[in-house]
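Number of protein chains: 4
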Amino acid sequence: MFVKRTSLRVRYAETDQMGVVYYGNYAQYFEVGRVEALRALGMSYREMEEGGVMLPVHKLELQYLKPALYDDLLTIETRITEMPSTRIRFHHEVFNESNDLLTKGLVELVFVNRSNRRPCRVPASFLEKIGSYF
Amino acid sequence: MFVKRTSLRVRYAETDQMGVVYYGNYAQYFEVGRVEALRALGMSYREMEEGGVMLPVHKLELQYLKPALYDDLLTIETRITEMPSTRIRFHHEVFNESNDLLTKGLVELVFVNRSNRRPCRVPASFLEKIGSYF
Amino acid sequence: MFVKRTSLRVRYAETDQMGVVYYGNYAQYFEVGRVEALRALGMSYREMEEGGVMLPVHKLELQYLKPALYDDLLTIETRITEMPSTRIRFHHEVFNESNDLLTKGLVELVFVNRSNRRPCRVPASFLEKIGSYF
Amino acid sequence: MFVKRTSLRVRYAETDQMGVVYYGNYAQYFEVGRVEALRALGMSYREMEEGGVMLPVHKLELQYLKPALYDDLLTIETRITEMPSTRIRFHHEVFNESNDLLTKGLVELVFVNRSNRRPCRVPASFLEKIGSYF
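Chains as they are written, first to last, in the working numbering: chain Y, 7 to 140; chain H, 7 to 140; chain Z, 7 to 140; chain X, 7 to 140.
Among the hints, erroneous ones may be present.
[What the hints assert, rightly or not] Here are some, though not all, of the chain Y residues that point toward chain Z, as calculated from beta-carbon distances under 8 Å: (1) F8; (2) T21; (3) D22; (4) Q23; (5) G25; (6) Y28; (7) Y51; (8) P73.
[To be verified] Only pairs whose alpha carbons sit at most 30 Å apart, straight line, appear in this in silico DSSO-like list of lysine-lysine: (9) K65/X - K65/Z; (10) K110/Y - K135/Y; (11) K65/H - K65/Y; (12) K110/Y - K65/H.
These aren't lab readings, by the way, just hints derived from the structure by calculation. Every residue, glycine too, gets a C-beta built ideally from N, C-alpha and C.
Just need the whole structure built from these sequences, with the hints factored in.
If you want it as structure tokens, here you go:
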């Protein structure tokens, strides 16, 4: 298993008139967690894409337990619990500074060849880097 | 069962550099479908909130089948398939102009008292309007 | 001069915890006004881009007079007051249903060749369509 | 004069299909710069708002010189060049890691009483903290 924790601060733009983070914005928070998890593994999503492999999202599941508030310093905990195949799954949990679990969710992405937009195998360099965690 | 179809056009802002609608933006599209479904039932979410009842989201599930593209005229099909209790569930399907199913998902919301932010019953006026569909 | 009026409804996602539309979201509203103005002229921004010409924004100016609220049905009034050269300017005004002027602004865009990302002339088909208004 | 530099990384969600940061998203980047400038002065925008004073935006001006790209680590340089009165102006410049100036702009905000939404004076604690810079 691989785990990475990342912090970010809630922007005013991300709140709504209920005074909490809008429910759709967690998809962005998960994206930040995912990208930093890959970076911690020695990979850059940007370079992977420049190298011809994209990772469109196939599935998103989200549960909202407590609201995140403006200016909260959130921690996004990102886990990869299984060896990726043609798909990769990220498990995310979002905590506030009091360590309350606010949101948890799952994002499943598919490796896709950038030129023909068809599913492809996990890049070998990726497997190499992540292999030691499983 | 209650069904409502709503249209919206994809904005440039909603695309990402993969050239498709960013995965997090469907939460907004579902919101539009939800609000127009309520309006078609003779209810305004704005008035409900002004009347002291809020509907925070409790759960979101999304599956991405095909991408939506810039300037696509999308149809959001919104279904309420069960009588709401302390919760209400909306089932959404998003189609493009060729009638391809692009995305489908589920949003579960909880009726909450605006002053104490605790779960509350469905407003009676709401039940009355939706009752005839079940 | 060319004028086009377009309507859109404020989404919950677009509000912030001040209970009004977040100031950055007017850029999206202006984009909607701009795209619909082009469509009314018989042009599609999507086709222009597919044809190899992009229109990145060079300048944005915005004044906020009154707030737009959740669920407001806004009218975006978009004006082209000068014949475009290598640049094109759109003047926007946003009104609510009481016809209050909420926001006004200016967006200046540059015609750019998609392949080399360098400034280019206005496409001839564009000039032809817009010419009769000046 | 007061200056504060803040960093942030471009999110995938913030790009558009031109492959660059969408023009409207700089308003959020400026907000981040502004909030961190206030924090560096010993003030929290969150506390100011909880204390009954809001800061809605009155004017925004933005010039786009070069595009910001996905995953760029940007620096937002925020300057307050004049003592605030009923208004406060923030001057922002955005740089990438090669120190290219990408965007510059100005945001003017108005101090407003939260309860009656009318313009009010700068809070005394604010003037005290910022006073030494002018």
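Going through the hints against the structure:
At its closest, the beta carbon of F8/Y sits 32 Å from a beta carbon of chain Z; the interface hint therefore is violated under the 8 Å criterion. For T21/Y, the shortest C-beta to C-beta distance to chain Z is roughly 4 Å, which falls under 8 Å, so the interface hint holds. About 5 Å separates the beta-carbon of D22/Y from the nearest beta-carbon of chain Z, less than 8 Å, and the hint is met. Because the beta carbon of Q23/Y sits about 4 Å from the nearest beta carbon in chain Z, less than 8 Å, this interface hint is met.
The restraint placing G25/Y at the interface with chain Z holds, with a minimum CB-CB distance near 5 Å, inside the 8 Å limit. With its C-beta approaching chain Z no nearer than about 5 Å, Y28/Y sits inside the 8 Å limit, and its interface hint holds. Interface hint status for Y51/Y: violated, as the beta-carbon distance to the closest one in chain Z is roughly 23 Å, over 8 Å. With a cut of 8 Å, the hint placing P73/Y at the interface with chain Z is violated, because the nearest CB-to-CB distance is about 11 Å.
As the CA atoms of K65/X and K65/Z are separated by approximately 14 Å, the hinted pair is consistent with the 30 Å bound. Of the supplied pair hints, the one linking K110/Y and K135/Y holds, its CA atoms being roughly 26 Å apart against a limit of 30 Å. Between K65/H and K65/Y the CA atoms are separated by roughly 14 Å; this keeps the pair inside 30 Å, and the hint holds. Restraint check: the Cα-Cα separation between K110/Y and K65/H comes to about 10 Å, which is no more than 30 Å; the hinted pair holds.
Taken one by one, the earlier hints fail for this structure at numbers 1, 7, 8, listed in ascending order.
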